[in-house]
Amino acid sequence: MSGKNLMEKITPASGWRELTVGAAVYGEGNSVFFNTGEWRSEDPAWYADKCRHCLLCFPVCPDSSIPVVGGKRRDFDFGHCKGCGICAKVCPFGAISMSAAEKEAAK
Amino acid sequence: MSRRDRMSGNEAVATAIRQIGPDVIAAFPITPSTEIPQYISSYKSDGLIDTEFVAVESEHSAMSACIGASAAGVRAMTATSSAGMALMYELLYVAASDRLPIVMAAVNRALTGPININADHSDSMGARDSGWIQLYSENAQEAYDNMLMAHRIAEHPDVLLPLMVCQDGFITSHAVENIVIEDDELVKSFVGEYRPEKYLLNPRESLGVGPYSVSAFYMEIKRQQFEAMSKARAVVAAVSAEFSALTGREYGMLEKYRMDDADLAVLLMSSSAGTGKDAVDRLREKGVKAGLVKLRVFRPFPEDDLVEALKDVKALGIMDKSDGFSGCGGPLGAETRSALYGRADGVKTVNYVYGLGGRDARVEDFEALFEELGRLRDGESLPRCRHHGMRE
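So the sequences go chain by chain: A and B.
Just so we're aligned, residue 1 is where the first sequence starts under this note's numbering, counting upward by one.
Just so we're aligned, residue 1 is where the second sequence starts under this note's numbering, counting upward by one.
These are computed hints drawn from the structure, not numbers from a lab.
Check before you lean on any hint, since a few could be wrong.
[Claimed, not checked] Per label pair, the in silico range of CB-to-CB distance:
id, chain 1, residue 1, chain 2, residue 2, range
1, B, 117, A, 41, 49 to 55 Å
2, B, 195, A, 93, 42 to 48 Å
3, A, 72, B, 129, 55 to 61 Å
4, A, 21, B, 214, 45 to 51 Å
5, A, 21, B, 284, 27 to 33 Å
[Unchecked claim] Non-contacting residues of chain A with respect to chain B, defined by C-beta distances greater than 10 Å in every case (computed):
id, residue
6, 12
7, 14
8, 16
9, 26
10, 32
11, 35
12, 37
13, 38
14, 45
15, 47
16, 56
17, 75
18, 77
19, 93
20, 95
Just so you know, even glycine gets a beta-carbon here, dropped at the ideal spot from N, CA and C.
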């Protein structure tokens with residue numbers, strides 16, 4: 001991932017001449033700039049005390065929303081997590097739970 | 001050196017494709033265009049081309065493969081007819097909006113039903129709003145020449161749109177005619193190498209093609225297509241002029257035949273133009289001021305050229321080889337009348353639907369039609385649209 005958003009100049013205010021030809025997307029890793037977390041239906045909760053950092057959860061996340069640093073996972077990337085719950089299903093230690101109520105409680 | 005030969009329209013187009021040597025051809029056989037991929041397969045087996053030939057399982061896949069290949073950064077071509085083109089419709093729009101200069105050899109055939117394998121324009125007229133450039137060819141020579149010009153137009157940086165070269169099924173595709181074939185090297189240098197600015201297989205630059213476009217962007221992308229299609233007019237003219245200088249064969253947006261002082265004229269496309277010209281010659285011998293305009297470029301629609309060519313005519317027959325089922329005429333009739341409206345209001349018009357499903361349009365049919373146009377000129381009231389060359 002380049003981490004550089006080559007498309008950042010293009011906004012809903014851009015005129016038709018400013019858009020790329022055929023709506024092509026230049027540069028890689030642009031999906032990180034699209035906040036799919038707004039669509040989330042259920043919130044995952046991560047219990048650090050129960051987590052053994054077995055790392056079964058992060059490879060199954062369809063949105064790469066479980067950051068791993070130095071072999072240990074961190075809390076969810078709520079900017080991109082859509083709340084599908086696959087991570088909670090694969091966790092053998094009950095360290096992840098899903099609920100709409102938690103989303104409310106977190107507010 | 002160019003050479004004289006005898007060829008069908010299909011062989012002429014296949015010869016052009018051999019000379020151009022595209023990187024990928026993906027095609028599925030359908031009458032009457034089947035011979036084109038057949039010839040390509042033979043050229044490939046005989047080592048005459050190094051084109052990747054993809055034998056797909058449907059026309060939907062043929063156009064999908066062309067889109068993938070073109071987006072990857074190579075020249076991609078296909079050939080089809082009738083229901084085959086209809087099966088491509090979804091992808092025709094994708095090719096155009098992704099701005100991929102794919103070139104198609106279209107051999108016009110009626111759409112089912114009733115089932116029919118013969119020529120009319122209902123297939124490509126159904127694709128007229130897909131964003132493709134459309135060139136129509138009167139005979140094998142024009143189909144060959146249009147194919148040689150196709151990539152130069154489609155790949156031009158101001159254009160970047162897919163293009164179909166249309167010829168009439170069987171009448172042109174299977175009839176053997178005298179034709180001039182240009183030298184292989186001359187064709188290669190005229191067509192040139194394809195060097196796209198952006199392409200998927202570029203290791204130095206990442207690219208995504210064909211993304212989802214929300215309503216905040218979709219209309220601006222369509223506006224880009226409008227711009228490209230508008231600019232294609234000048235590019236068609238420039239490429240055609242260059243081709244004419246090279247070969248001596250003249251091409252424009254349309255061809256005017258004996259139009260200088262014409263009172264009565266017909267406007268049409270493709271193979272019937274030859275028959276119509278014969279009728280014009282016969283009528284001219286009798287002192288009738290008859291003329292003919294053959295439209296070569298239907299997309300982009302050359303309304304300025306049409307107004308210029310038709311403004312002094314007193315009665316005009318606009319001839320559609322597809323019905324369109326508006327209940328008031330075919331697509332060429334509707335768009336030509338729209339072009340004339342407010343700019344050449346003195347031209348009286350009848351829109352004739354003719355030649356459907358391979359129905360012959362004979363010299364006598366044109367003579368009868370011109371006789372009718374004479375009555376229209378002289379003040380007789382005629383229906384705005386009617387079917388010509390059929391039993392009542």
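If we take the beta carbon of residue 93 of chain A, is the closest beta carbon in chain B still more than 10 Å away? About 37 Å separates residue 93 of chain A from the closest Cβ of chain B, which puts it past 10 Å; holds.
Verify that the Cβ of residue 38 of chain A lies farther than 10 Å from every Cβ atom of chain B, and report whether the claim holds or is violated. 14 Å, holds
Given the hint of 49 to 55 Å, check if residue 117 of chain B and residue 41 of chain A actually sit that far apart at their C-beta atoms. 54 Å, holds
When you take the CB atoms of residue 21 of chain A and residue 214 of chain B, is the distance between them in 45 to 51 Å? Given about 18 Å between the Cβ atoms, the range is violated.
Is the claim that residue 56 of chain A lies outside the interface with chain B correct, judged by CB distances over 10 Å? The claim stands: residue 56 of chain A keeps its Cβ more than 10 Å from every Cβ of chain B (closest is about 30 Å).
Examine each Cβ of chain B, and state whether all of them lie more than 10 Å from the Cβ of residue 35 of chain A. Check passes; 14 Å lies beyond 10 Å.
Do the Cβ positions of residue 72 of chain A and residue 129 of chain B conform to the proposed distance bound of 55 to 61 Å? Holds: the Cβ-Cβ distance is about 56 Å, inside 55 to 61 Å.
The output says residue 95 of chain A does not contact chain B. Does that hold with a beta carbon cutoff of 10 Å? Given that every Cβ of chain B is farther than 10 Å from that of residue 95 of chain A, nearest at about 35 Å, it holds.
Looking at residue 26 of chain A again, its CB stays over 10 Å from all of chain B? 6 Å, violated
Check the non-interface label on residue 47 of chain A: least C-beta distance to chain B beyond 10 Å or not. 36 Å, holds
Distal placement of residue 16 of chain A relative to chain B, Cβ over 10 Å: 4 Å, violated
Please confirm whether residue 37 of chain A is truly not at the interface, meaning its C-beta sits more than 10 Å away from all C-beta atoms of chain B. 17 Å, holds
The earlier numbered hints that this structure contradicts are 2, 4, 5, 6, 7, 8 and 9.
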